[in-house]
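Undergrad: Okay, here's what each chain looks like letter by letter:
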Amino acid sequence: MKVLSKDKLETVFNRLAQESDVYVPMQRGEQSGFFSFLTYDAARDEIALDILNTYLPPKNIILPQTEKMYSFRQEGTKVNIEEVYEDSQPKIIFGIRGCDAKAVECLDMVFLTRGYEDSFYKSRRENTVIIANACYAPGPNCFCESMGIDPVNPRPADVIIRDTGNGTLVWEAASDKGKKISDQISEFLEEKDVKLPEAKQCQRQVAYDGVAEKLRDMFASPVWDKLSEPCQNCGICTYLCPTCYCFDIQVKSWGEEGYRFRCWDSCMYREYTQMAGGHNPRETGTERFRNRFLHKLEFFKERYGTSLCTGCGRCIIACPVGIDITNIVDLIKEVDAGA
Amino acid sequence: MHKCDCNPLVPDIVEVIEIVEETPDVKTFNVKSEKGVPFDVMPGQLAMLSLVPVGEAMFSVSWQEEKEYLQFAIKRVGLMTDELHKIDVGQQLGIRGPYGNGFPVEECKGKDMLFIGGGIGLAPLRSFIKYCFKHRQDYGKIQILYGSRSYADLCFKEELFEKWPGQKDTEVFVTIDNPEEGWDGHVGFVPSYLEEINPDPAGKIAVTCGPPIMIKFVLQALEKMGYTDEQVITTLEMRMKCGIGKCGRCNIGSEYICLDGPVFNLAQLKKLPPEW
Chain A
3 MKVLSKDKLE TVFNRLAQES DVYVPMQRGE QSGFFSFLTY DAARDEIALD ILNTYLPPKN
63 IILPQTEKMY SFRQEGTKVN IEEVYEDSQP KIIFGIRGCD AKAVECLDMV FLTRGYEDSF
123 YKSRRENTVI IANACYAPGP NCFCESMGID PVNPRPADVI IRDTGNGTLV WEAASDKGKK
183 ISDQISEFLE EKDVKLPEAK QCQRQVAYDG VAEKLRDMFA SPVWDKLSEP CQNCGICTYL
243 CPTCYCFDIQ VKSWGEEGYR FRCWDSCMYR EYTQMAGGHN PRETGTERFR NRFLHKLEFF
303 KERYGTSLCT GCGRCIIACP VGIDITNIVD LIKEVDAGA
Chain B
220 MHKCDCNPLV PDIVEVIEIV EETPDVKTFN VKSEKGVPFD VMPGQLAMLS LVPVGEAMFS
280 VSWQEEKEYL QFAIKRVGLM TDELHKIDVG QQLGIRGPYG NGFPVEECKG KDMLFIGGGI
340 GLAPLRSFIK YCFKHRQDYG KIQILYGSRS YADLCFKEEL FEKWPGQKDT EVFVTIDNPE
400 EGWDGHVGFV PSYLEEINPD PAGKIAVTCG PPIMIKFVLQ ALEKMGYTDE QVITTLEMRM
460 KCGIGKCGRC NIGSEYICLD GPVFNLAQLK KLPPEW
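Residue numbers (our numbering), protein chains in the order written: chain A, 3 to 341; chain B, 220 to 495.
Worth double-checking, as some hints may not be accurate.
Unchecked claim - Chain A residues, not near chain B, derived (Cβ > 12 Å throughout): (1) Phe15; (2) Ala19; (3) Glu21; (4) Gln33; (5) Gly117; (6) Gly141; (7) Leu191; (8) Gln203; (9) Glu259; (10) Asp267; (11) Glu289.
Said to hold, decoys possible - Facing chain B, a subset of chain A residues (Cβ under 8 Å, in silico): (12) Val86; (13) Tyr87; (14) Ser90; (15) Met111; (16) Cys265; (17) Trp266; (18) Gly279; (19) Thr286; (20) Gly287.
Unchecked claim - Coverage of chain A stretches by chain B, computed from C-beta distances (three or more under 8 Å per stretch; other residues unrestricted): (21) 22-31; (22) 229-239; (23) 307-317.
Hints are computed from structural coordinates only; laboratory data are not their basis.
All residues carry an ideal CB built from backbone N, CA and C; glycine is no exception.
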């Protein structure tokens, strides 16, 4: 098998960065996430392939938190669309885990299927290479297995890397894009037989089977009042969730010029569904909380055939009041659907 | 003029060619692009209009006049519509669409049609009503019941009082909420007037749009009169941003109003969570 020595990683990143923006998991002060290798500062950052999980998910690489869509000019009554910003810069996401890879698949379903292709997303996604890191020892808040993910075989992936634990990574090209990248760095890959670590199971297990179906009859259940009671509707879960994709479209204009942009939005906020005439279909925090969990666990599955939770565990860590989606699933499982 | 044909979120440009003041807070805007209509629209479909430096908002297209122009009847209710009401003929706007499923004009062929509207809710119904008149032979008897707060608040007065009542096999019923000087027509709310008229459900499709409270009582009245859930159609409204089923906010359950709606029959609606 092809093997890459970990002490050559920085050299490899430098090589790949000649053609692509390379995003690498790093610990940066108290923050961890996938940051551009161009911003890597050895005095401040630590390249950390083993973090489970990075605090920030990699979704901003293909769905930026803020993204310019097009610029315009309005002179008097005349309007002209000037430039459309579709980003085709090649990108490599290095070392994402099965949960985040699955999240990319969910984003692909949203932005590339069901009637319309989102051109901004498509352009970025087509030019993105995913190098996924197999998980042999899931972290303390990980529960991806319960959400139908095999952490040792992350999908979708162009290359799968497997950390042997002995200073080397097994390198498997898994697509044509992946083969191209492998060719670019072939001088650093050695042919070698190595032993892979034994895969450990997630410590957290959730019985998600049947939950989507059960939730169909639970929209009016009083359980939502109880579950949502501690929720502050702060939205941190939606920002850190690798699959939360909702966005707003806004405008910035000055004088005769301006641009329209989109930015992440959150279903936790009242304004998200506030209509101009005053009506709001999800006026209360409980209604918004219910919609979020139903979207994750029921609605997305009905529409796209898979849950919108990938078991990454980030919301569990970040929630200021300790709301834990695995407890919610457990409770839904226990409660009498009609009650 | 730049037009990106491939990117569904980038607007085409249209120009306002006529503005009609319908009521103190409703204006109808006729818009056309260089080629006439920017795209073809079926009754009940939506389009995203933008006053480009200000904002975008989704509106029901109240009529497509051949290949010449699109009509939007727009009520002043918020920031964007406030600004729209200030523009003059000649102003260029952004437009993208058409969005949504529209009314089931094919399935309704051969049926008697009952349209029940309140306030600005007549705007989307009007596209279907005018479609029926344009294809008069395809539809049976047409009944239109419409109400508003006052005479001044009635939209499309010329059509209501002059054009539509003269059409073949057509009845138009108009009501206002409270009595006023000079009005000798019906006074009262739409749902109770509907019960008075008591239109027979046999072979009929009822299409309704209006304020949520009106819709609620109209649906109750129709049920009482023996209309089945499949015979009752309505068109929903939610906040929308993208129009293409991506941005998330207009969902009711797993359906997106911009893409799977805005038109549903009552049988379909009853399968969704009661957030409409």
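Undergrad: With reference to the structure, classify each hint as holding or not holding.
TA: Checked hints:
Against the 12 Å criterion, phenylalanine 15 of chain A stays outside the reach of chain B, whose nearest CB is about 33 Å from its own CB. The beta carbon of alanine 19 of chain A is kept farther than 12 Å from every beta carbon of chain B, the shortest such distance being approximately 29 Å. Once the 12 Å rule is applied to beta carbons, glutamate 21 of chain A is consistent with being away from chain B; the minimum gap is 25 Å. Glutamine 33 of chain A, annotated as away from the interface, keeps every beta carbon of chain B farther than 12 Å; the closest lies near 26 Å.
Look at glycine 117 of chain A: its CB is around 6 Å from the nearest CB on chain B, not clear of 12 Å, so calling it non-interface is violated. Here glycine 141 of chain A stays apart from chain B, with its beta-carbon at least about 28 Å from theirs, past the 12 Å limit. With a least CB separation of 38 Å from chain B, leucine 191 of chain A remains clear of the 12 Å interface cut-off, as annotated. Every beta carbon of chain B lies more than 12 Å from that of glutamine 203 of chain A, the smallest distance being close to 32 Å; the non-interface claim holds.
With a least CB separation of 9 Å from chain B, glutamate 259 of chain A falls inside the 12 Å interface cut-off, contrary to its annotation. At roughly 7 Å from the closest C-beta of chain B, the C-beta of aspartate 267 of chain A falls inside 12 Å, breaking its exclusion from the interface. Not every CB of chain B lies more than 12 Å from the CB of glutamate 289 of chain A, the least distance being 8 Å, so the non-interface label is violated. With a least beta-carbon distance of about 5 Å to chain B, the hint placing valine 86 of chain A at the interface is held under the 8 Å criterion.
A distance limit of 8 Å between C-beta atoms decides the matter here; for tyrosine 87 of chain A the minimum to chain B is near 10 Å, and the interface restraint is violated. Using the Cβ-Cβ criterion of 8 Å, the hint placing serine 90 of chain A at the interface with chain B is not satisfied: the shortest such distance is roughly 13 Å. Interface hint status for methionine 111 of chain A: violated, as the beta-carbon distance to the closest one in chain B is roughly 11 Å, over 8 Å. The interface hint given for cysteine 265 of chain A is broken, as the beta carbon of that residue sits about 11 Å from the closest beta carbon of chain B, more than 8 Å.
Given the 8 Å rule on beta carbons, the hint for tryptophan 266 of chain A is violated: about 10 Å separates it from the nearest Cβ of chain B. This hint holds: glycine 279 of chain A has a C-beta 5 Å from the nearest C-beta of chain B, less than the 8 Å allowed. The beta carbon of threonine 286 of chain A comes no nearer than 12 Å to any beta carbon in chain B, farther than 8 Å, and the hint placing it at the interface is violated. With 8 Å as the threshold, the beta carbon of glycine 287 of chain A stays out of range of chain B, its nearest partner Cβ sitting at about 15 Å, so the hint is violated.
Figure legend: the segment 22-31 of chain A, annotated as covered by chain B; annotation inconsistent (0 residues with Cβ-Cβ distances under 8 Å, at least 3 required). Requiring three or more residues with a Cβ within less than 8 Å of a Cβ of chain B, the coverage given for the segment 229-239 of chain A is violated, as only 0 such residues are present. Under the rule that three or more residues need a Cβ within less than 8 Å of chain B, the assignment of the segment 307-317 of chain A is violated, with 0 such residues.
Violated hints, in rising order: 5, 9, 10, 11, 13, 14, 15, 16, 17, 19, 20, 21, 22 and 23; the structure is consistent with all others.
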